[in-house]
Amino acid sequence: MLLQLNNIFKWVNSGGQRIFLLKDINLEVEEGEFISIMGPSGSGKSTLLNVIGMLDAFDEGEYNFLEESVHDLKEKHRANLYKEYIGFVFQSYHLLDELTVQENLEMPLIYKKFKGSERKAMVADMLDRFSIVGKKDLFPAQLSGGQQQLVGIARALISNPKLILADEPTGNLNSKQGEEIMELFKQLNEEGVTIIQVTHSEKNAEYGSRIINLLDGRMI
Amino acid sequence: MWDLKFALKSLKKSLGITLINVLGFSLGLSAIFFLVQYLTNEYSFDDFHKNKGQIYRIAIKSYENGQFEDETFVYTSEVGKAIKSDFPEVDEYVSLTTPSNDVFYLDNAPHKINDYIYAGASFFDVFSFQLKEGDPDKVLLAPYSIVLTETLAKNLFGNEEPVGRQLVLNEEPYTITGVAQNPPTNTDLGFNMLVSFSTRYKQKNVYMGWNGGNQYVHYVKLVSKADPLSIEKKADAFMWKYINKDYEEIGIKDLLYLQPLSDIHFRYNPESASLKRNMLIFSVIAVLLLAIVIINFVNLFIANASKQLRNMGIVKVHGASRVQTLKHLLLEISIMILFSILVALTLVQFLHPYFEALAGKAVPSLMESGWTFALILLGIVMATTFLAGIFPSFLISSVQPSKIIKNELTVGQSGKKLKNGLVVFQFVVSIFLIVGTITSEKQLNYMNRFDTGYNKENVLVLPLQTQELQQKIDLLKEELNQMSLVKNVSAVSEVPYNGLTMNGYFPEGRTTPEMINVIDVDEDFLALLDISMVSGNNFAKNMATDDNSYLVNESFVKKMGWENPIGKTITRNGEHKIIGVVKDFNFASLRSNIKPLIITNASEIGPPNFLLVKSDRANLSQLIGDIENKWKAISPNSLFEYQFLDQQFEKVYRAELSIQKLLRSFSFLTILVALLGLLGLSRSSINNRIKEIGIRKVNGASSQEVLALLNKDYVKLILLSFLIAVPLAWYAMHKWLESFAYQTSLSWWIFALAGGITLLVALLTVSWQTIKASRTNPANSLKTE
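Heads up: the protein sequence lines correspond to chains A and B, in order. Positions in the first sequence are counted from 1; adding 17 to them yields my numbering. No gaps in the numbering here: position 623 of the second sequence is 616 in my numbering, and each next residue is one more.
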């Protein structure tokens, strides 16, 4: 088992009232799964993704990731954990505008202390795998949305994470680009990468092996 | 490497704001560097003398009937020699004159030499001035010996050898025995030329003795570890032996004490007090400017934070630790600061002549500035980097990476409050400095326009620089009077704008002498300067009896407490009858009140030194040419120089003028830097509000309404700044004006003007951005990505 959420609650206090963002979430994810999280706006999809990605804390419940009890870990350990095992893909790509495609791919490796020669090899590998060698010296602004997201996914994958978290990865793309990205996810999943995506689209959700529906912070 | 690359790319990406930031920072820093240069130079005065710890200047406190009268370091000629012979603690002494200006002849060609001093033989032993040519122990030994500075030697002789050549003063030849290196800028003992002190004993009409001729300054070098107090303790007996026993019957007692060389510049010189005040003003300006520069930097960095926050969020999600993000941000800031410092140093180097002109005195250049300056510079740079870098870095590096996923990237309320606080501070300083500038301008104007009691318009001052001219004075007057543009001509001993000679006089009924200012004039003097008589008569032409008579001013009569002064007498070298009283006029600077004055008509204090020429035309250039021709015809070998009386009068306020200029420039700069900051700030704050503007416009707001809305925040900040600045500025200006005897008023319009100027330029700056923003099509700004 890759991860397990038991009775997760997350809330904020507003005007003396407790507003639940997540309510009693129970979820088990096996390695190799492709899960789609669906639900209307404000249902807690992104919050759940952030909790799984360890970027947001929760208020109650247990979270186990690869035999580690995330809820007992200190901030720093938790950060190390997600840095090692989780890759993120964003709706608005979040590439660094001032860096080229190649440099954007290299960036996570630098913070993970890979040597220069290793980094070169891994970046070259990834450029090759995504067929973007020709674009390696371009800046994000010179790419189409689909191409930017391709770079975003390549960046998420570059240090071989066990889990990819994608928050509406096709949200800013047209349907053709979106389809290509979903095909890519499917292919990656077949190669063994676990994926959890948040999506609004029924069609995109179909790519996954399992769909989780949220409403008002609750799984239904 | 990665960090550096990323930092440079990040800076390049936001080039506009980076440049604004670097420009403001460099400008501010260059001004600060210059001020530090100026200040360290003042603090290093006469610091270079090897024996500085053992060198003292002899000073005298005079008492009359037990009452403290006067304190001076300019005294009679013999005290240096005597103190050396009487005190074993004194290793060496050197006697000097105060600087004088004269016309010397080189091969019959006249050369005006300014600021030359007579100096004792041990000058180069006591002080650490360097000789380029000549033996330091001998160059000033023989009478009629001259040591030139390099610059003067070059001016007079070009590339020829000066040593052995002769200059002529009053028909006596002087021989050049040495060439000195130019004295550094940081000395109160500067000179263009030195003449051996022994010459004074040979010159005609020079009194060398204990009881007269106060124009000498004496320095002593004590043997090492000697205590100056031990000399001061025995000084009473010493002074008694040489002078006080003669003075006792008139109730005068002079006490000697020693002024350490290192304290002279800031404590014992006549201008020390104003110097100290100016140093304080400049230090405050430097600190304020530094604060503003740092604030700008912080503000612009915060303003630009949304970009930084996003980037730091992204790298954190991808594995960067907080320390790594901090490192990155600090690196980016350091690059900007380093670059700004390089620009600032270049500016300082490049603008040095302008700075010097502004300061009105020599200031060492960057290369000459030495270690203290370098260390202070380093300190400033480090403090700046720390203050400007640490805060924004911590703020931004603390970004929660989950925020990027949710696109919730803003600097929180605390950041905004801080930003506003800093802007208010900048405007408080700006308004304060504008008030200072206007007030000092007003004060200066007031002093220039002040009715000094005489008319200084269209008056030429012609120095009579040779004996020949002084002897031919009657001929000169006659010739000049015949010229059609000349209204009046008068020969005077001194020009009454910056103080006059003082002598001891015995007014009728007094047994002790009064020290009173005196000017020697001819009968045309009062008419020429429009000085009116209160009672009695002016000196009459061709009446020998009047040669012996005196005029006095109102203050003199008041001081004496006389009901009817006409006919009373004043004794000095015989009895003189008072024949008239003139209306008070300011013959010294307006920093002090009008003092008692005696006007003589007998050349008893020496031959006339200046000719005053009054014209009824404002344009004197034609006249000057004609006068020069007459002048040369009468005395072909003399030097013709001229000044305008009104300009000379203004020069008296050179210290104030120089302060005024500096204040004006630095205020301007400070405001410029603050405005640059505001420009950057408004730019990014409007970028952050572009969506809000769109929404308002879609809902019916006009461009004008949006503009008003955007500008309103800045108006509020400036109003707040105004309220804070006014009392501070009022207090400071009030204090400053107190140092003048005649002061201008602190009108309300000064404050209103300062506030108005600030508001206007700030709104203009902001509007540059806001007008553009208020006109944007909401369809563009509301389009989601």
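Keep in mind that a hint or two might mislead.
What follows is a list of derived Cβ distance ranges for each label pair [stated by the list, open to error]:
1. A:Gly49 with B:Ile764: 55 to 63 Å
2. A:Leu98 with B:Ala772: 29 to 37 Å
3. B:Gly9 with A:Gly151: 58 to 66 Å
4. B:Gln697 with A:Leu98: 49 to 57 Å
5. A:Gln159 with B:Leu1: 41 to 49 Å
6. B:Thr365 with A:Leu98: 37 to 45 Å
7. B:Gly9 with A:Asp145: 51 to 59 Å
8. A:Glu197 with B:Asn681: 45 to 53 Å
9. B:Lys5 with A:Asp145: 48 to 56 Å
Beyond 10 Å from chain A on every Cβ pair, some chain B residues (computed) [said to hold, decoys possible]:
10. Trp(-5)
11. Ser3
12. Lys6
13. Ile307
14. Val308
15. Val310
16. Gln393
17. Pro394
18. Gly560
Just so you know, these hints were derived from the structure itself, not from any lab. None of the values given here were measured: they were computed from a predicted structure. All residues carry an ideal CB built from backbone N, CA and C; glycine is no exception.
Could you check the structure against the hints above and give me the numbers of any it violates, in ascending order?
-> 2, 3, 5, 6, 7, 8, 9, 10, 11, 12, 13, 14, 15, 16 and 17
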